[in-house]
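S.K.: So the number in our numbering is just where the residue sits in the sequence shown, counting from 1, plus 2.
Heads up, some of the hints might be wrong.
Said to hold, decoys possible - Computed beta-carbon distance windows for the label pairs: (1) G36 x K9: 34 to 42 Å; (2) R47 x S71: 17 to 25 Å; (3) Q18 x P84: 24 to 32 Å; (4) S12 x A41: 17 to 25 Å; (5) A75 x R47: 21 to 29 Å; (6) A54 x L88: 43 to 51 Å; (7) T10 x R49: 46 to 54 Å; (8) D21 x S86: 45 to 53 Å.
What the hints contain is simulated information worked out from the structure, not anything from laboratory work.
Even for Gly, the Cβ is constructed at its ideal location relative to N, Cα and C.
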Amino acid sequence: MSSAPSKTSSEDIIGQKYDRCVADLIVKSGVGFGVGIVASVLLFRRRGWPVALSTGFGAGAAYADCDRSFNPARIPGTRIIPPSALKEQK
3 MSSAPSKTSS EDIIGQKYDR CVADLIVKSG VGFGVGIVAS VLLFRRRGWP VALSTGFGAG
63 AAYADCDRSF NPARIPGTRI IPPSALKEQK
């Protein structure tokens, strides 16, 4: 029995990221929906727009997190250094 970790295929990595994004979308939209209902009932005399607005905020936050997951170069403060610049530094 070897304890060497097996390599994960790229399809599995993409699938895990996609599953995480869908789960994040469901959770954040659901939290936004709940906050919108509470705000609508308590503050805005049962209007519908707080529910739609907060659900949209939740979905937007999930979209931004998913975008960062699939494209880490879009994380604020990161810089992509080309390989040619690394060779010049040596």
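S.K.: Would you mind marking each hint as holding or not holding in the structure?
M.R.: Hints versus structure:
With their beta carbons about 41 Å apart, G36 and K9 fall inside the hinted range of 34 to 42 Å. The supplied range of 17 to 25 Å is broken by R47 and S71, whose beta-carbon atoms lie about 39 Å from each other. Taken as a hint, the range 24 to 32 Å holds for the pair Q18 and P84, whose Cβ atoms sit roughly 29 Å apart. Separated by about 43 Å at the C-beta atoms, S12 and A41 break the suggested range of 17 to 25 Å.
The beta-carbon spacing between A75 and R47, approximately 45 Å, falls outside the hinted interval of 21 to 29 Å. The given range of 43 to 51 Å is respected by A54 and L88, whose C-beta atoms sit roughly 48 Å from each other. Hint check: T10 to R49, Cβ distance near 48 Å, so the stated range 46 to 54 Å holds. Range check, D21 to S86: about 37 Å between beta-carbon atoms, so the 45 to 53 Å window is missed.
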